[in-house]
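Novice: Place chain B on chain A using the hints.
The lines below spell out each chain.
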Amino acid sequence: MPILQVEHLKKHYEVYTEKVRALDDVSFTVEAGEFVAITGTSGSGKSTLMHLIGGVDTPTDGKVFVDGVDVFAQTRSQLAVYRRRKVGLIYQFYNLIPMLNARENILLPLELDRKVPDDDKLRSILKLLGLTEKVSCYPNHLSGGQQQRVAIARALMTEPSLLLADEPTGNLDSKNSDEIIRLLRDSNQKLGQTILIVTHDEKVAAKTDRVIEIDDGKIVRDERLV
Amino acid sequence: MKYLFLLACRTVRANKWRSAVNIAVIACSVAMVVITSSLCATLLEMERQMVICELPATATPAEIQKALTSDWGMGFLLLLSMFFNGLMLAVAAFSIYGAFAIGIRERAKLMAVLMTVGANDLQKSLVTLIESLILSLVGIPLGLVLGVPVVYIGAEQLTTLLFKMGYPVTSFFTLDFQTILQAVLLGLAAILLASVISIIKTMRRSIIGLAKTTSGIEISLKRSPLDWIMWRLFGKAGELASQNYVNQKRNYRFLSLSFAIAMMLYVGGSLLMPYMTQNTSVAPGFEEASQTLETIINSVIQSVVLFSVVNALFMFSTDFNARKGEFAIFQSIGMSTGMMYKIVVLEWVYRGFYLFLYGLVGSYLINFALCSLCIASGNPTYLINPIKEILIALAVTVILCTVMTVSMISKLKRMNIVETLKAID
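Just so you know, the protein sequences line up as chains A and B, in that order. Take the first sequence: its letter number 210 is residue 210 in our numbering, and every next letter is one higher. When you read off a place in the second sequence, starting at 1, and then add 1000, the result is the number in our numbering.
Accuracy of the hints is not assured; some may be wrong.
BS3-like mimics (lysine-lysine), calculated; alpha carbons at most 25 Å apart, straight line [claimed, not checked]:
id, chain 1, residue 1, chain 2, residue 2
1, B, 1016, B, 1109
2, A, 203, A, 175
3, A, 115, B, 1002
4, A, 190, A, 127
5, A, 121, B, 1109
6, A, 134, B, 1002
Simulated from the structure, these hints should not be mistaken for lab results.
Extracted from the complex, chain B is given alone in its bound form:
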């Protein structure tokens, strides 16, 4: 037991970059869950207090309750908060799961060696679980430390602004135990789920099968119908890029989902204020409050997008480490560097296309959902076409894929073929 604990601790230390990435993903995920949940709660509290402020001082509790229930803004914000909370939970869960699943998969050889010397399933699992818990013990508190001040600052700013405008409101800072517990449990659940699923997958494979994955080269017989089209358009490089994408797609599906949902959050968040103010004019004196609110929402949305992009950058950067053996073999058999670069470029174009496509479909779905929510809340509205937001998301996707392509090509240039081939064995 002592050695297993030692092994888990040293594995975390030995893989500094991987561990740092996992901790950063956990921290950002937990922070974003805290921020989103609290922001939604803060907005609801703000709306509640504003509704109450507009009632006469002699209003009875029943009248207050009636006013709150019939206020379309309350209904809209309530449905919206459930929706955005759900999406943010999904982004966070997929990100954490994706990060851990990749890390655990890369340790197939360690599992194989442990099995060879007689470790049973429980002992193998303990190494993985201890490692996951160590990372979560650092990442989750860090996420809370990051998220809580952001929520506090935002809520206090709103409170101060409305107070100056004559609203006798109390602090909107809403961070209850439930929100913190939700974020902590989400982080733990996603990490443990990733660990357990990966452990189960390891158990299903033979020792020989695990040992053979050390090369990082996993061949799948799956072929995409687009292989032929890519070959016709771009030659062998196109065909290889298409096949590589299909082979790698499964490894990154959760991260791709996380990216797509983040795009949906961005588009949805950007449309929030336009939908809310579409058929209502901002009351005199509330322009600044409305702008502040819009700024806060946009900041959160941009943080979500930034988080997702950073997450994707970190994770896709492991793509090279996992596949450098494959590239070393290509080089050793005489593939030109030009063709290798072409494969990398085409792969990232391919990947970027699908990332954007999933996000685009999701964004229009969220647009329809927002419009429907408005109508359901009693505020008739027309559908807004989020062209500007979609183009911005497209630009982000292009920039991300360009950065990854350039990064991968520069790594290929510096790669030592012999050392890489030795590392496969």
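So here's chain A without its partners, still in its complex pose:
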């Protein structure tokens, strides 16, 4: 069974008096362990797709199944649990909590789930992401690249079914961007993590296994690169 099934997903909304079709009947599946890039021009609907899969927005029509569960058939509390356990979200602007240090940010989803963190797992993720020396630092003491790595660690810590990254390199220089993509690649290959990454950068997309291109809310290309 695919880990992700998107069926006839639509998202329309009104901006003042204009009707905008952000997504228009999008359907696709993703198998476990895939590294997929969602590409498209600005305003094509790729971030909207990511937000819907991540359960942070609601569709006008259509369904999303993650691990066989209909995401939008869930209650508010179930959706919160879904965001906590089933998906890991990474944003362009990190979205770390400034009052918590790196370790606390990383362990926050587990804390919300009242789970005792696995120290070995934490150590291995910190080592993978090169954050061992930075666990006690607060976000304002970390560089952009380091903050993004903390965000990735937070997403990986709960072993989600899906890792969703919305333009994770959009706010980084080229060196840090390459590093982040390499880390995502490593977590895909070493940990078997299923990753969907939104990007407008073709070079980033070229490093993934599969590219889905969206234009005007519709899928115009779905190509496996390997």
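Specialist: Then chain B, alone, in the frame of chain A:
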């Protein structure tokens, strides 16, 4: 749970200025409620003892009761104390609610991030509630510490004065458990209400909607009929000032109400003694007592006004922090500094006009109410026109708006556009 508590504590610490403001508002509100309630109780007790002193020593309890019931001063003071207590409670409640509501709104992004990592409604709410309780645990006792000595000093002064004049009165210091409980419950209720309402509003919005409020720029489609008039009079700056006022009006309505009610309290308090002594002459030997009483009442009223002005200054100072992104965008697209300053000046003129207008209407209403109370208490009186008090209130409003305008302009001068634009994202 541990992290949520940690997050709440660190949020209080991280936002030092905001937390200090909230604590100051709570403390002042609680202190003013204690002072007003106790002052009213003290005045009633003073009047009661003076009435009893004037009765013969052989007066029976029934005669004492009859004298107290028929004394117009007792009736007047009783109705007045209910009235002023009610107004002061409203000022305090609106001030606390307004201060907390602004603070919670500014944390929309934190709420959005918590929701993203899977916090449910209860967990999000706990962060806000814990933070509110921490602030109230500091602010409420501080308010009691501020208010009680003021009441004690005032009451003891009155007691000493009347004792010297030959009245065998006991201490007027009236601060019962009910007054303290009232002040504490008011503080807690206003804080919790602000927290709960803000939490409910957060729950109604999507994560995306919350995240988008981080820019501090909320656009409303509401347009005022005055937009066109402001545009005709002052050009684009006038139109923008009018639109900004309409957009921001909702954020500050409780604080505006608090300011207007404080103005009403000031006018009403200033008219209290004139109405009480209008058709009665002060008995020989009581001039000093009457003046002392007037001084105490005026001090309380001026404290109320000062509190309200300080409250408004603190709160309106957050206006810049919430809107600096908007100004940064204006500058980045080439708006001249002169035009920006013009927008700020016109906005504050606009805001000041409405603040004064609401206060003016309320002041005349309270004037009519005082006059009616006098008549209802059996003391026929004529309506006093509070021109002097209204002009003083107008001057206070003008000074407040001028200070805020100057403050905002000086902050604009020091603002770094790039850093501010980055902060929006």
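Novice: Taking the hints in turn, state whether each one holds.
Specialist: Cross-check of the supplied hints:
1. B/1016 with B/1109: 18 Å, holds
2. A/203 with A/175: 13 Å, holds
3. A/115 with B/1002: 12 Å, holds
4. A/190 with A/127: Measuring from Cα to Cα gives roughly 13 Å; hence the hint holds.
5. A/121 with B/1109: 29 Å, violated
6. A/134 with B/1002: Distance ~22 Å between residue 134 of chain A and residue 1002 of chain B Cα, so the pair holds.
In summary, the structure is inconsistent with hint 5 from the numbered list given earlier, while agreeing with all the others.
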